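If you read the protein sequences in the order shown, they are chains H and L.
If you're matching positions, the first sequence starts at 690 in this note's numbering and goes up one per residue.
If you're matching positions, the second sequence starts at 757 in this note's numbering and goes up one per residue.
Each hint can be trusted.
These stretches of chain L come out as covered by chain H in the derived footprint (C-beta under 8 Å, 3 or more residues):
| id | stretch |
| --- | --- |
| 1 | 758–768 |
| 2 | 1013–1026 |
| 3 | 1030–1039 |
| 4 | 1043–1054 |
| 5 | 1131–1143 |
Since the hints were made in silico from the structure, they are not lab data.
Please read these numbers as outputs of a predicted model, since none were measured by experiment.
Ideal Cβ positions, reconstructed from N, Cα and C, are used throughout, including at glycine.
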Amino acid sequence: MDFSLNEEQVLLRDSAREFLGQEWPSAELRRMLDAADGAVAAGALWSKMSDLGWPGLLVSEDYDGLGLGMFDLAVLMEETGAALIPGTLHASGLLAASALEALADEDSCQKYLPDIAEGKLKATVGIYEPGSGWTPMMLAPEAGAAVTKRYVPDAAGADLILFVNRTGGNGAQIAIAHESQAEDLNSIDVTRSLCQVTCPADKLEVLGEGTIADVQAVIDRATIGLSAELIGGSARVLDMTVEYVKNRKQFGRAVGTFQAVQHKAADMLIGIEKGRTGVYYAAAVADERPDDLARAASVAKATANQTAVSVGELGIQLHGGLGFTWEQDLHLYLKRAKAAEFTYGDTRWHLDRIAHGLGLS
Amino acid sequence: MTRLQDTPAEAAFRERLRAWLEANTPSIGKHDVDALKAWQRTLHEAGWLGLTWPAEYGGQGLGFREQAIFNEEAARARIPPSINNIGLMIAGPALIAVGSEAHKKRYLPKILSAQEIWCQGFSEPNAGSDLAALQTRAVDDGDDYVITGQKIWTSNSLIADYIWLLVRTDPDAPRHKGITALVVDMKSPGVTVKPLRQITGEAEFGEVFFDEVRVPKANRVGAENDGWIIGMKTFTRERANISVALSVRLQQQFDRLLDTVRDRDVPLDPQQARDVAQAYVDSECLTLTCERMADRLFGFESSVVKVAWAEMNQRLQRIGLSTLGPDAPLLSAGGFDQVDDTTATFGTEALAEDDESYAKSWQFGYLRARANSIEGGTSEILRSVIAERVLGLPRK
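Excised from the complex, chain H in its bound form (with noise of 0.2 Å):
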């Protein structure tokens, strides 16, 4: 096993730190969060990030895009995760990316694909149904007088909205939801949204056929960058919690001196260190042997899953009344945090998946 970063990966590793930085700050953040025109800035970040290419970094070339893997993807988005970027590079560049190439027949990759990857369309996709949980087999196998999809990430502001529908047995579909209303879930995340999306039966234009499997291996993918973010967010967590503790005294030394702040500290960190392998890990299964891609993929995320709550909690408790205000940012990465816990399975779905392989249930 090889976790090293190529040339290129440090590049693109180093390059999205120092544009966040600058394009993402704080200050823009909040902006999008707090001021009337905060579409705008959200807007603004997304048209540069498609300057870079990044929509497009999974997109294979024949569609215009980079052809990158799971693995560079990885390293990005431990960058995205860190600078709390809004939804759309997830649900446009690798959710929908995936399983328009997954799913879609030829022609409709052909038409969508090449705007995906330039940042021109935004697409989302559904697939979670009431009562279907993250299991693609538990979908419904047939479509009422309308589908209703839950937990569709950032499709208020998509102008393509995708739905991943099973059509009985192993087979599955993939749609686009043409007049389809969409209900913002008000979301504890407020930096990323989430809708429950209704589409008439008859308003779906299906783009292509497939099977449940073909749809868990989407889902799969998925996991494994929302995991990359979470290792990110985590890892700035702990370094605005390090610059805090060493400056901030009381009893006349920085509380970074006292164990038991050092201790909180250092299990943040072991926390990372582990949650990153998973997500590397994984990243690299899915590249080269994506026939061991479900359980690597929830490898990587029951271990995000547990980091990033962690870390999230620890970060506040250790700036103590300051790490409770709205002004700090360490609120919005437990959100994020908690929120994504329950995206594409939980801790306990994705243990009992793994149960399962090993044959023990």
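Take the given structure of chain H and dock chain L to it, following the hints.
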């Protein structure tokens, strides 16, 4: 570039090793010292030990990748425990780092061949985590030092030929500056070893007493009063090597956990199955973290994996024991009958030969694992190391 697959050279190495292990791996009880020495010698002669050690001292001059492959394959083949683990993982690497040419030539080959078993004399009754408080005295007397004092928690001391020792040579200097590192022959007049019975019932470690023991100055490693730095270098190597060796242990322990679970008449309940899955996640992530951080493990970051490993192995043993249900306290329901390598354990006074099945049980593993967060640096000390040396938090 591929990340998951071996390069052609690595694949050939793995294939050769796997075939060799399949043909040669014996089954040896963990208390059979002679057989374990012979096994280590066999491994060495076949070229599978000291993989990263320089060739001129009997090593193979290979890289960390080969060592990682060895660990994986050794786990897979369930090889017997390493009898000279202190020599191979602590004293040998420390000598490579700081020993003189003469020391390396003299000691390293016999560490590899198990002709000489080593132990490490650092801790004392009043110098545990606070190692710089050590008081064992070495008095300058011509060509010799004369040593008087006591070491404690000394693993393998009952079977060791040499001890890697820290002594105080200058009692008047600031405490970090009066310490010297020595190699001492355990057969020297005045050395006495007493076993210490552990909570597992056996005596893997002991107390070593020095009563005016004469040690030639030629046995000094590094300069006089330079022992603290040498000790610190020993520690980072110890933790790094423990971290690397854990790959073997964790994989073996997890495989045994699966064996135990699959042998049960009653299926696991969902929460137990989840616990086992969590152990899988943890052991995968930790083993791979050792590989990912390989080039940083000889520094303070080794503490990151050491702490994680200790707690993970403790959790795993707890899970293993809990899978036995109400039979958990019963020694007759041990759980697995493979050779346990939680650690190599010797000094059989306290543990009767017919208790071998206990030594292979989840009960034993659970109890033995309590030491994981104490030995090689307590988790409390290591968390402070992580905070101060890795994260850069201020010291008091």
